[in-house]
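Chemist: Residue numbers (our numbering), protein chains in the order written: chain A, 79 to 435; chain B, 32 to 326; chain C, 92 to 147.
FYI, nobody ran anything at the bench for these hints, they're computed from the structure. Be a bit skeptical, because a hint or two may be false.
Pair by pair, the computed Cβ-Cβ distance ranges are [said to hold, decoys possible]:
id, chain 1, residue 1, chain 2, residue 2, range
1, B, Q317, C, T115, 29 to 39 angstroms
2, C, S119, A, Q231, 55 to 65 angstroms
3, C, A103, B, P74, 55 to 65 angstroms
4, A, G385, C, K105, 23 to 33 angstroms
5, A, E219, C, T115, 44 to 54 angstroms
6, B, Q110, C, D93, 45 to 55 angstroms
7, B, S217, C, E113, 47 to 57 angstroms
Keeping only pairs whose Cα atoms sit at most 25 angstroms apart, straight-line, the calculated BS3-like set for lysine-lysine is [as the list claims (entries may be wrong)]:
id, chain 1, residue 1, chain 2, residue 2
8, A, K263, A, K141
9, A, K263, A, K285
10, A, K211, A, K262
11, A, K93, B, K85
12, A, K285, A, K93
13, C, K105, A, K149
14, A, K305, A, K285
15, A, K93, A, K141
16, B, K85, A, K141
Glycine is no exception: its CB is placed at the ideal position from the N, C-alpha and C atoms.
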Amino acid sequence: MLNQLLLDFFIAPRKFIQSATPQQWTNFLQQAREHGLTARCYYVLQNLSLLQQVPLQVRQHGKSAAYYAEKQQHSLYFELQQLESLFANVDCPCLLLKGSAYRALALPVSFGRLFADIDILVPLDRIKLIRDKLFFFGFAEAAMSDYDRHYYQRWSHQNPPLRHYQRGTVIDLHHHIYPTASAKKIDISPLFQHAERLAGSAFSVPKAAHLFIHAAVHLFYQEETHKLIKDIIDLNDLLLETERQQQLDWLLQQADIMAVQSAVINACWVLAQVFNNSAARRQLSATALPPQRWVGRLVILMLQGSGFSAWGARQLWFIRGHGLKMRWQILLYHTLAKPTASSRGWLRRIYAAIKRG
Amino acid sequence: MLHQSLRYKSLILTDFVINTVPFSVLVSSRSQALHTAVSQLYPPQLVLAPEPEKIYDFCLTVERKWAGWGRPYHVSAGQQHFRMTDSAQVVPVFEWGFNWCIASYQHQYLAIHAAVLERHGKALIMPAPPGSGKSTLCAAMMLEGWRLLSDEMCLVDLTDGSIVPCVRPVSLKNQSLKLVQSWYPSAQIRQITTGTTKGTVGYLLPLADSWQARGQTATAAWVVFPQYNVNQTQLQLSPISKADAFMHLANNSFNYAVLAEHGFNSLGRLTQQIQAYRLEYADIKQALSELSQLC
Amino acid sequence: MDVNLGYAAWLAQKSTEIDTLELTFDDSSSVFFSLSDHTTCINVTSEPEIQEPNLD
Chain A
79 MLNQLLLDFF
89 IAPRKFIQSA
99 TPQQWTNFLQ
109 QAREHGLTAR
119 CYYVLQNLSL
129 LQQVPLQVRQ
139 HGKSAAYYAE
149 KQQHSLYFEL
159 QQLESLFANV
169 DCPCLLLKGS
179 AYRALALPVS
189 FGRLFADIDI
199 LVPLDRIKLI
209 RDKLFFFGFA
219 EAAMSDYDRH
229 YYQRWSHQNP
239 PLRHYQRGTV
249 IDLHHHIYPT
259 ASAKKIDISP
269 LFQHAERLAG
279 SAFSVPKAAH
289 LFIHAAVHLF
299 YQEETHKLIK
309 DIIDLNDLLL
319 ETERQQQLDW
329 LLQQADIMAV
339 QSAVINACWV
349 LAQVFNNSAA
359 RRQLSATALP
369 PQRWVGRLVI
379 LMLQGSGFSA
389 WGARQLWFIR
399 GHGLKMRWQI
409 LLYHTLAKPT
419 ASSRGWLRRI
429 YAAIKRG
Chain B
32 MLHQSLRYKS
42 LILTDFVINT
52 VPFSVLVSSR
62 SQALHTAVSQ
72 LYPPQLVLAP
82 EPEKIYDFCL
92 TVERKWAGWG
102 RPYHVSAGQQ
112 HFRMTDSAQV
122 VPVFEWGFNW
132 CIASYQHQYL
142 AIHAAVLERH
152 GKALIMPAPP
162 GSGKSTLCAA
172 MMLEGWRLLS
182 DEMCLVDLTD
192 GSIVPCVRPV
202 SLKNQSLKLV
212 QSWYPSAQIR
222 QITTGTTKGT
232 VGYLLPLADS
242 WQARGQTATA
252 AWVVFPQYNV
262 NQTQLQLSPI
272 SKADAFMHLA
282 NNSFNYAVLA
292 EHGFNSLGRL
302 TQQIQAYRLE
312 YADIKQALSE
322 LSQLC
Chain C
92 MDVNLGYAAW
102 LAQKSTEIDT
112 LELTFDDSSS
122 VFFSLSDHTT
132 CINVTSEPEI
142 QEPNLD
């Protein structure tokens with residue numbers, strides 16, 4: 079419910095700006111900042127030629143955020159350019175994912191969209207080699223406990239974040255789009271197979287439909303909800319992009335091949351409910367697979383419910399997401415082993431402190 | 032729905048606004064003491080009840096919570112937490128919170144860490160790091176009749192290059208509080224708080240003319256980089272090259288890096304129209320007289 | 092930077108367009124801004140006419 083104004087804006091920008099009261103604009107500015115969506119709102123208005131119709135104060139805050147987003151765009155391009163020589167020599171497809179891919183392709187979803195790191199997907203058998211090369215390019219992993227390192231290596235789908243010692247850029251190097259600890263086996267070979275190379279670059283980008291699939295998997299097969307509103311807006315924009323590129327039918331085929339139908343269908347159900355997205359409605363009628371309405375309703379409750387119901391939905395979502403991400407044996411091990419490992423470290427530190435006197 | 036929830040919230044929290052320009056703030060706080068303190072720092076026509084027809088740039092909440100041990104007051108902007116504090120330091124922490132909002136979200140201006148004062152429509156910009164005596168010098172200049180635009184935030188309009196005022200109470204620290212009061216016994220310094228992370232902090236109230244002209248922009252004319260140096264026997268005012276001035280201004284900017292070529296162009300235009308000097312001084316009276324002759 | 096400019100187009104543009112902005116002031120000192128890496132520096136070859144310090 080704390081997002082309602084933002085959501086209203088993205089559902090119907092024209093209607094929103096015509097009816098928003100000054101009090102609502104005050105709250106809107108606040109919400110947009112909290113979710114890092116101010117610049118995104120600015121570009122939505124710019125694309126619809128509505129900027130002149132919003133109050134000057136709102137426009138100026140939008141412009142301020144747009145300058146920041148513009149800087150991020152340059153920072154990403156500059157960083158990718160620094161990495162070209164490395165990735166040109168690894169002899170495997172290197173895919174930009176999520177925000178970096180949207181931005182590199184200049185898709186409308188990327189206009190004013192902020193991102194914290196650069197996500198890159200490489201084949202599993204090359205991830206160590208590429209990581210080691212990144213070390214020579216000034217990237218390093220943060221210090222972490224042995225347990226966390228073990229977790230990343232065995233069950234996660236990515237290397238621990240790599241941060242550049244000078245520029246502070248963070249690279250998330252993935253070998254999969256979903257944790258390998260899960261019982262759910264997602265086939266990501268089509269991502270590599272259909273990826274398109276960016277002209278003059280060593281990097282490739284997934285097809286629009288695959289970008290949508292990845293975003294749907296990220297939201298619907300995991301427990302994270304702290305960026306829910308941003309995730310939902312991304313999904314809506316990505317589905318519209320998939321439609322623009324005439325990949326809607328192909329999207330359903332790909333969801334089937336990759337074994338991610340439920341994420342795609344559930345995402346479409348939510349988009350049809352929240353945004354009345356026509357492409358989403360079309361997808362729902364084009365497939366025999368019914369959406370899991372309770373899953374979609376949980377998402378809508380988290381987005382639009384009152385304090386208590388949204389809280390309840392978040393708890394259920396958390397349990398569901400963890401259950402999907404890890405097979406129960408691993409989840410149980412993780413639940414017990416993580417506190418044990420950290421308390422062991424804690425005891426060791428106390429012991430060392432006593433010994434030091 | 033949200034509107035209703037905020038209304039509900041306002042039944043519990045006292046809302047008031049500070050109508051400063053170019054940024055205003057809506058404050059939700061249960062602490063009557065904060066409202067009283069703010070009323071001492073800002074003129075009465077700026078501290079008001081929220082008006083339904085106005086948009087406020089920032090929202091700050093100052094709330095007492097259970098969590099926080101000895102520092103139960105939480106200052107935050109919505110879900111974004113700024114700092115916790117005990118009741119004795121609520122006022123400076125609130126002021127820093129307001130600064131934090133401005134510093135984080137003002138990229139429609141090129142923002143330089145500098146004091147700005149004006150005479151005859153022309154602005155004197157004094158960028159300097161903490162410890163250079165900038166605030167003390169700025170306070171003294173205002174009390175000598177210069178109009179204050181800001182004691183630490185020089186906002187340059189990216190479209191027309193004008194200097195936009197951001198009038199707020201002048202934050203003075205430690206020794207500077209005593210000095211300013213001893214030089215100007217009529218200076219009104221309020222809300223002196225000891226033991227903050229920056230030592231003792233107090234606020235010098237801007238004079239009426241500075242408050243009244245708070246929306247009036249000025250044209251950049253001089254940039255002086257001040258450095259207080261107790262061993263400086265003779266005041267030195269040395270001209271510096273514009274390229275040097277440009278680089279120093281860029282290094283003192285909060286958002287030159289974010290604004291990239293827009294920042295470069297804006298700062299270039301500003302540097303083109305100013306004269307730049309380095310000022311080293313030990314005696315404030317000498318510094319004031321020198322700046323008065325220069326400008 | 093134009094929001095419609097993708098990475099590939101940026102790379103192509105970089106190789107053909109001017110990469111550095113230069114600004115020369117009326118005292119003939121000047122500064123550079125690199126559009127490529129966003130760094131700013133003084134043009135050390137320019138020689139500003141520094142006046143004698145104004146001592147009194």
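Chemist: Check the hint pairing K211/A with K262/A against an upper bound of 25 angstroms on the C-alpha distance.
Modeler: violated (31 angstroms)
Chemist: Does 47 to 57 angstroms hold as the CB distance between S217/B and E113/C, or does it fail?
Modeler: Since S217/B and E113/C have Cβ atoms about 51 angstroms apart, the given range 47 to 57 angstroms holds.
Chemist: Given the proposed pairing of K263/A with K141/A, does the C-alpha separation stay at or below 25 angstroms?
Modeler: violated (44 angstroms)
Chemist: Verify the proposed pairing of K105/C with K149/A, using a straight-line Cα cut of 25 angstroms.
Modeler: Holds, at roughly 17 angstroms.
Chemist: Holds or violated: are the alpha carbons of K85/B and K141/A at most 25 angstroms from each other?
Modeler: Given that 25 angstroms is the threshold and the Cα spacing comes to 20 angstroms, the pair holds.
Chemist: Are K285/A and K93/A close enough, with their CA atoms no more than 25 angstroms apart?
Modeler: Not satisfied, since the Cα-Cα distance of roughly 32 angstroms exceeds 25 angstroms.
Chemist: Are the Cα atoms of K93/A and K141/A separated by 25 angstroms or less?
Modeler: holds (21 angstroms)
Chemist: Between E219/A and T115/C, does the C-beta distance stay in 44 to 54 angstroms?
Modeler: Holds - the Cβ-Cβ distance for E219/A and T115/C, about 46 angstroms, lies within 44 to 54 angstroms.
Chemist: Do the Cβ positions of Q317/B and T115/C conform to the proposed distance bound of 29 to 39 angstroms?
Modeler: Cβ of Q317/B to Cβ of T115/C: about 35 angstroms, so the range 29 to 39 angstroms holds.
Chemist: Within 55 to 65 angstroms: is that where the Cβ-Cβ distance between A103/C and P74/B falls?
Modeler: About 57 angstroms separates the Cβ atoms of A103/C and P74/B, which means 55 to 65 angstroms holds.
Chemist: Falls inside 45 to 55 angstroms, the C-beta gap from Q110/B to D93/C?
Modeler: violated (33 angstroms)
Chemist: Against the 25 angstroms threshold, does the CA-CA distance of K305/A and K285/A hold or violate the hint?
Modeler: holds (23 angstroms)
Consistency note: the structure conflicts with the earlier hints numbered 4, 6, 8, 10, 12.
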